[in-house]
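S.K.: Go ahead and model the full structure; you've got the sequences and the hints to work with.
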Amino acid sequence: MAVAAFIGLGANLGDRGAALQQALASLAALPQTQVRQVSSLYRSAPVDADGPDYLNAVAELATGLSPTALLQALQAIEAAAGRERLYRNAPRTLDLDILLYGDESIATPTLAVPHPRMGERAFVLLPLSEIAPVRVTPGQLAAVADQRIERTDTLLWPVAGASR
10 MAVAAFIGLG ANLGDRGAAL QQALASLAAL PQTQVRQVSS LYRSAPVDAD
60 GPDYLNAVAE LATGLSPTAL LQALQAIEAA AGRERLYRNA PRTLDLDILL
110 YGDESIATPT LAVPHPRMGE RAFVLLPLSE IAPVRVTPGQ LAAVADQRIE
160 RTDTLLWPVA GASR
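10 is the number of the first residue of the sequence shown in the working numbering; add one for each residue after it.
Watch out, some of these pointers could steer you wrong.
[As the list claims (entries may be wrong)] Across the chosen pairs, the derived CB separations fall in these ranges:
1) Ala121 - Leu150: 20 to 26 Å
2) Pro142 - Leu164: 18 to 24 Å
3) Gly111 - Asp155: 30 to 36 Å
4) Ala58 - Asp24: 15 to 21 Å
5) Asp162 - Asp112: 32 to 38 Å
6) Thr117 - Ala85: 15 to 21 Å
Source of the hints: derived by calculation from the structure; they are not laboratory data. Glycine included, C-beta positions come from ideal geometry on N, C-alpha and C.
M.R.: Here it is, written out as structure tokens:
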């Protein structure tokens, strides 16, 4: 049975838009997985870090993959994009995070769902509220209103075989 999983996508090194488009194509190619919808693309300042601005989006997947298998697939997609984990919040060619996996709460040494810092980040909450408004409260949006973020006119979607 497919579960709705919301994935945060971000990049602030290299050709950021191309990296996010390739990541979406890779997500759509995962077994037992379909990309249901993708938010608009947002430009945001790094949070608790230095470096160039990020491009961010959120995608909703319908997946039959377990949370652990999905995490492993996301990490493989990041590695293929040249992601290096040099230090916490380091600039990156691609960042993929499981924000929500159905209504599950998961707390393991390698995975925490809901994502523990998503409520502190405009670059997650704004795109998530665009495609799943019931998942974000007005109070959460108000709490991140001081973070620099702007919606762009660039579309990452559609990828062949999926809908926006």
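S.K.: Against the range 32 to 38 Å, how does the distance between the Cβ atoms of Asp162 and Asp112 compare: consistent or not?
M.R.: 33 Å, holds
S.K.: Go ahead and decide if the range 15 to 21 Å is satisfied by the Cβ distance of Ala58 to Asp24.
M.R.: Cβ of Ala58 to Cβ of Asp24: about 20 Å, so the range 15 to 21 Å holds.
S.K.: Looking only at beta-carbon atoms, does the pair Gly111, Asp155 fall within the given range of 30 to 36 Å?
M.R.: Cβ of Gly111 to Cβ of Asp155: about 31 Å, so the range 30 to 36 Å holds.
S.K.: Given the hint of 20 to 26 Å, is the C-beta distance from Ala121 to Leu150 inside that range or not?
M.R.: This hint holds: roughly 22 Å between Cβ atoms.
S.K.: Indicate whether the distance between the beta carbons of Pro142 and Leu164 respects the range 18 to 24 Å.
M.R.: Distance hint for Pro142, Leu164 holds at roughly 20 Å.
S.K.: When you take the CB atoms of Thr117 and Ala85, is the distance between them in 15 to 21 Å?
M.R.: 18 Å, holds
The earlier numbered hints are all upheld by this structure, with none contradicted.
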